Amino acid sequence: MKKDEMMQFKSMVIFNDQISPGYCKIRLTAPREIVQSRPGQFVMVRVYDGIDPLLRRPFGIYDLGVFEPEYPNMPKQHYLEILYKIVGRGTGILQSLHHNDYLDILGPLGNGFTMGNEDDEKILVGGGFGLAPLYFLAKRLVSVSNVKVFIGGRKKEDILCVTEFERLGIDTYVATDDGTLGSMGLVTEVLEKYLSDGGKRRTIFACGPGPMLKSTAAIAELHGISCQVSLESNMACGVGACLGCVTKGSSHTEEKPDYRCVCKDGPVFDSRQILWG
Amino acid sequence: MKKPDLTVEIAGIKMRNPVMTASGTFGYGEEYSSYLNLERLGAIVTKGLSLSPKAGNPMPRIVETPGGMLNAIGLQNVGIEAFIENKIPFLRTVDTPVIVNFFGNTEDEYAEMAERLDKIPEVSGLEMNISCPNVKQGGIAFGSKPDNAYSVVKAVRESTIKPIIVKLSPNVTDIVEMAHACAEAEADGLSLINTLTGMAIDLQKRKPVLANITGGLSGPAIKPIALRMVWQVSRAVDLPIIGIGGIGTATDALEFMLAGASAVQVGTANFISPGIAEKIVHDMERYLVENRISAVRELVGALEIQ
Ligand SMILES: Cc1cc2nc3c(=O)[nH]c(=O)nc-3n(C[C@H](O)[C@H](O)[C@H](O)COP(=O)(O)O)c2cc1C
Ligand code: FES
Numbered sequence: 001m002k003k004d005e006m007m008q009f010k011s012m013v014i015f016n017d018q019i020s021p022g023y024c025k026i027r028l029t030a031p032r033e034i035v036q037s038r039p040g041q042f043v044m045v046r047v048y049d050g051i052d053p054l055l056r057r058p059f060g061i062y063d064l065g066v067f068e069p070e071y072p073n074m075p076k077q078h079y080l081e082i083l084y085k086i087v088g089r090g091t092g093i094l095q096s097l098h099h100n101d102y103l104d105i106l107g108p109l110g111n112g113f114t115m116g117n118e119d120d121e122k123i124l125v126g127g128g129f130g131l132a133p134l135y136f137l138a139k140r141l142v143s144v145s146n147v148k149v150f151i152g153g154r155k156k157e158d159i160l161c162v163t164e165f166e167r168l169g170i171d172t173y174v175a176t177d178d179g180t181l182g183s184m185g186l187v188t189e190v191l192e193k194y195l196s197d198g199g200k201r202r203t204i205f206a207c208g209p210g211p212m213l214k215s216t217a218a219i220a221e222l223h224g225i226s227c228q229v230s231l232e233s234n235m236a237c238g239v240g241a242c243l244g245c246v247t248k249g250s251s252h253t254e255e256k257p258d259y260r261c262v263c264k265d266g267p268v269f270d271s272r273q274i275l276w277g
Numbered sequence: 278m279k280k281p282d283l284t285v286e287i288a289g290i291k292m293r294n295p296v297m298t299a300s301g302t303f304g305y306g307e308e309y310s311s312y313l314n315l316e317r318l319g320a321i322v323t324k325g326l327s328l329s330p331k332a333g334n335p336m337p338r339i340v341e342t343p344g345g346m347l348n349a350i351g352l353q354n355v356g357i358e359a360f361i362e363n364k365i366p367f368l369r370t371v372d373t374p375v376i377v378n379f380f381g382n383t384e385d386e387y388a389e390m391a392e393r394l395d396k397i398p399e400v401s402g403l404e405m406n407i408s409c410p411n412v413k414q415g416g417i418a419f420g421s422k423p424d425n426a427y428s429v430v431k432a433v434r435e436s437t438i439k440p441i442i443v444k445l446s447p448n449v450t451d452i453v454e455m456a457h458a459c460a461e462a463e464a465d466g467l468s469l470i471n472t473l474t475g476m477a478i479d480l481q482k483r484k485p486v487l488a489n490i491t492g493g494l495s496g497p498a499i500k501p502i503a504l505r506m507v508w509q510v511s512r513a514v515d516l517p518i519i520g521i522g523g524i525g526t527a528t529d530a531l532e533f534m535l536a537g538a539s540a541v542q543v544g545t546a547n548f549i550s551p552g553i554a555e556k557i558v559h560d561m562e563r564y565l566v567e568n569r570i571s572a573v574r575e576l577v578g579a580l581e582i583q
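Chains as they are written, first to last, in the numbering used here: chain A, 1 to 277; chain B, 278 to 583.
Chain B on its own, in the form it takes in the complex (with noise of 0.2 Å):
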């Protein structure tokens, strides 16, 4: 049999393949470039960026759960200008696609990102963090309201001829209408999802865990609601969709591209493993030789429901 066909394209993004690394567990790319070649990749995905420098969250700012992990990173990063002057010149060595996720404080920091990265070649896809919040408007998240959402969203749009990925926050009543939205405003895919809000408590010490009390839940907890996520969204809205949620294993990923995505993101695996976004690759392609499948794209949204 002659090699299965691996490639998608997203949002007009062509890939090698479905697996990407998720923001803010990849770095820039190069922390991981002596564990697996970068080349094996759909995509890379590097940590959130904004305008000016982030300091991020005081410490702690990690704590390990069962079958996961909370992080109150606070989108610590080294600002665009740093971006374009030292974290470019490696990814453009890599012949792999680069997406680059950001986020703002408001609406027009927002679309001043867009526009600085619609300038930069080497920059294949946005992906958009609407789970952040919006300093204009008391702090309550982008990715909370629908109005807000599309608001911000349409301001992007009208900043870039790039292709636009929303990556939506599951820390909301109903993620769909969410999801219509960014439709609406002309978004190119969606991605999903971003972590669940959540905390750790010592018992001892009367504290929380974190510094931040509260941080973000990944890993392999939060698969499940990640997968049906996924599935609501894909029945709903006619849009691309990138899976994400605890995906450690080629079974991870198929699971997620049954469910309705046409690709996944790696997040909190790649630590634990740093060459297992590459073994994913590996695996995924074994599966469709061992079940005579010629294209990946056959099993997007292939899930049998009686």
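Bound-form chain A, shown alone (with noise of 0.2 Å):
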């Protein structure tokens, strides 16, 4: 990657609002450069100062954009936005922050996915904060390709971002393990029946929890579909240094390992990539 795609830079917090319970949204200012980001790339951001936290967090990027300034004659102001949701002091500093509040972060990072043939029928199947990245990824393709969106969670709370997909023109398939939003059960299961058709040819991005990831791609491979993957993982830094994010690749023995960087590596592969646990 070349050096100008990469940044270290301060931003300040435009807003931070909760957009369902347990989950924010939040708006960063970013230099012009945030442009060149790709769908499945990610911040490294630093929620405080001191050293407790300590490390930086991982975050999909969710959506970019421009706004006008204050006052005219100022440059135009770029901005990124993240979904999170509250789980430890990290993202609890982070929901704390309010407009003028400064973070520190770094990125883009990672690759992204990959666009593909544009008259594939485009798939996307995601959870939770998951959906980050594909309803980036979503605002990339609408335009030249048909997307559907399948997203699946444990309650209604945890269904995010269906107004904003449908505001794109997007069906959205959703379901719920208790069945308080859309169909009960299973997301992968709605997929499954949804591609018995087999007709088309068809593409598939996944984001979201280890399990729905494993049981998207069996069903890709089942399929013949090709299928990219977004994976999660617990990062330091997040630029192929520490070795601390891997996921074991496709062809890892005890003898010759093959290990991958979810951070440098991915966060992006291609499910025939990774040995499913």
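Rather than coming from a laboratory, the hints here were simulated on the basis of the structure.
Check each hint, because a few of them may be wrong.
[What the hints assert, rightly or not] Estimated spans, in silico, between C-beta atoms of each pair:
(1) Thr474/B x Asn73/A: 57 to 65 Å
(2) Glu316/B x Ser250/A: 37 to 45 Å
(3) Arg483/B x Lys156/A: 45 to 53 Å
[What the hints assert, rightly or not] Straight-line Cα separation of at most 30 Å, DSS-like style, residue types lysine-lysine; simulated pairs:
(4) Lys248/A x Lys331/B
(5) Lys214/A x Lys200/A
(6) Lys431/B x Lys291/B
(7) Lys482/B x Lys155/A
(8) Lys85/A x Lys156/A
(9) Lys256/A x Lys291/B
(10) Lys256/A x Lys556/B
(11) Lys248/A x Lys484/B
(12) Lys331/B x Lys256/A
(13) Lys264/A x Lys148/A
(14) Lys76/A x Lys156/A
(15) Lys396/B x Lys10/A
Small disclaimer: the values here were computed from a predicted structure and weren't measured.
For every residue, glycine included, the Cβ atom is placed at its ideal position computed from N, Cα and C.
Build the complex from these two chains, which are given one at a time in their own frames, with help from the hints.
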């Protein structure tokens, strides 16, 4: 990757809102070069200047944009948005930030999705804040391809972004474990049913909890559909230096290890490159 | 005032300043090359290397703890062949000394590694990680008994004429005793500390957080222990010392030098700010200017104790 594509920058919070119980969306100022980010790439965010929490947190890019400056003659301000679930100290602090607070950001990092053949129907499968990179991807895909999105979660509150996808004119299929939204059961079951017509040429893009990705990969394999998955992992460096974020590649054996860095070799992988545990 | 002199010489390795990167936290240099100028660093220490590639531990391998992190990477590395083939070509283009951190499963493997590294002109020095288990001795770490440390350092000494820096483990009863053993085996320098063995538990799951159960603690949390150990060792042993542990600012680095370190390594801090090592050099220079100190060497061991 070229130097100018990676940046470390101070960023100001524009807004930071709850979008569903336990989930938030934050809009952050960014330098102009952020427009080069590709769907599937992520940023490492330092939420606090001190030593606790110490490490940055990775977040997939949800959206990019520009807003008009407050005063004429000022340059246009670029921004990026991320979605996050409040799970620990880092995201707890993130939630407490307000307009005009500052953060430190590293990114964009990693490899994004490969858009694939325009004529293929694009199937997006996701859950939780895994929807973030899929929304960014959908925005790019929708002008050239036919896009469908399958969203799964435990309960209604875990289903994010439905209106945002619908606003793009994309058909959404929702499933929840408890049936509080969409059909009851797993979203991968809904996907199976949808794919059973067998007909069209398709590409699958998935991001979400491990089990959802695993069964999506299996379904893709079964139907002979190419599938890209965006993986999540604990990360320390985000640039391929610490080897703390690895996942097993398909040719992995004890004798000939095949570990891939989620941060640098991914986070997007062809599902056949991964050894699904 | 003229520019202060930041140069140091450690174990015969001439460096433009005392700020190095710590093994395992900086990859093979290339990973960070777009964030900082590698030619502003004193030296680059590469990821721990072994004869054959090593798979490393299962996931999860890292977890954050207050003021620090635990890692159980398991010394995953590409092995010496791939290092020579894929990593040396880049490092050759960088005008900064490269120190290769390495380890073995047996004494013979250490010696063989030293012999192989001895032949690589791009390698300025060797850093021996002796915190790993000796498989021939029931897996106790080479660096946990003075006799074993002496013997493995001696074996490496006989296999290379390049400078040998022994990286000491803090997981010992008496680190001074270990330092003496390394000095006796004719090491050229010591670096300390490696990570402190620790663990983290998930109460909800009633399980250890790391797949390996235990891991090595690094980051600001270990700095006071590292400072104490550097101070103890520097008073007792007549070898140059490289201070490591929780360094994230020029102030941290200079404190280690007062305690007796001739140079320092920056580890976990690279993860937080990829350009931090260069910034530390810059801030160190400014400190010297502001305090009218003409050479950073003057601060080594300059701690005042009543
Ligand atoms: C992710 C990670 C990997 C490491 N790998 C190695 C290694 O391969 N060999 C080694 O001698 N030390 C290794 N270390 C130890 C560091 O070089 C250093 O001694 C330690 O982290 C303390 O310094 P710090 O607090 O500045 O990080 C590793 C540390 C971390 C955090
Ligand atoms: S997070 Fe450090 S290698 Fe991926």
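Results of checking the hints against the structure:
In this structure, Thr474/B and Asn73/A meet the distance hint of 57 to 65 Å, their C-beta atoms being roughly 59 Å apart. Against the hinted window of 37 to 45 Å, the Cβ-Cβ separation of Glu316/B and Ser250/A comes to about 39 Å, which satisfies the hint. With their beta carbons about 30 Å apart, Arg483/B and Lys156/A fall outside the hinted range of 45 to 53 Å. A threshold of 30 Å between alpha carbons decides the hint, and for Lys248/A with Lys331/B the separation of about 14 Å falls inside it, so the pair holds.
Between the alpha carbons of Lys214/A and Lys200/A the distance comes to roughly 23 Å, so the proposed pair stays at or under 30 Å and holds. Taking the CA atoms of Lys431/B and Lys291/B, the gap is near 24 Å; set against the 30 Å cutoff, the hint holds. Proposed proximity of Lys482/B and Lys155/A is supported: the alpha carbons are some 22 Å apart, at most 30 Å. With a C-alpha separation of about 15 Å, the suggested pairing of Lys85/A with Lys156/A holds against the 30 Å cut-off.
Between Lys256/A and Lys291/B the CA atoms are separated by roughly 38 Å; this puts the pair beyond 30 Å, and the hint is violated. As the CA atoms of Lys256/A and Lys556/B are separated by approximately 39 Å, the hinted pair breaks the 30 Å bound. With a CA separation close to 22 Å, the supplied pair Lys248/A and Lys484/B stays within the 30 Å bound. Proposed proximity of Lys331/B and Lys256/A is supported: the alpha carbons are some 9 Å apart, at most 30 Å.
This hinted pair checks out: Lys264/A and Lys148/A have alpha carbons roughly 28 Å apart, not beyond 30 Å. Under the criterion of a C-alpha separation no larger than 30 Å, the hint pairing Lys76/A with Lys156/A is inconsistent with the structure, at around 37 Å. Taking the CA atoms of Lys396/B and Lys10/A, the gap is about 45 Å. The hint is violated against a cut of 30 Å.
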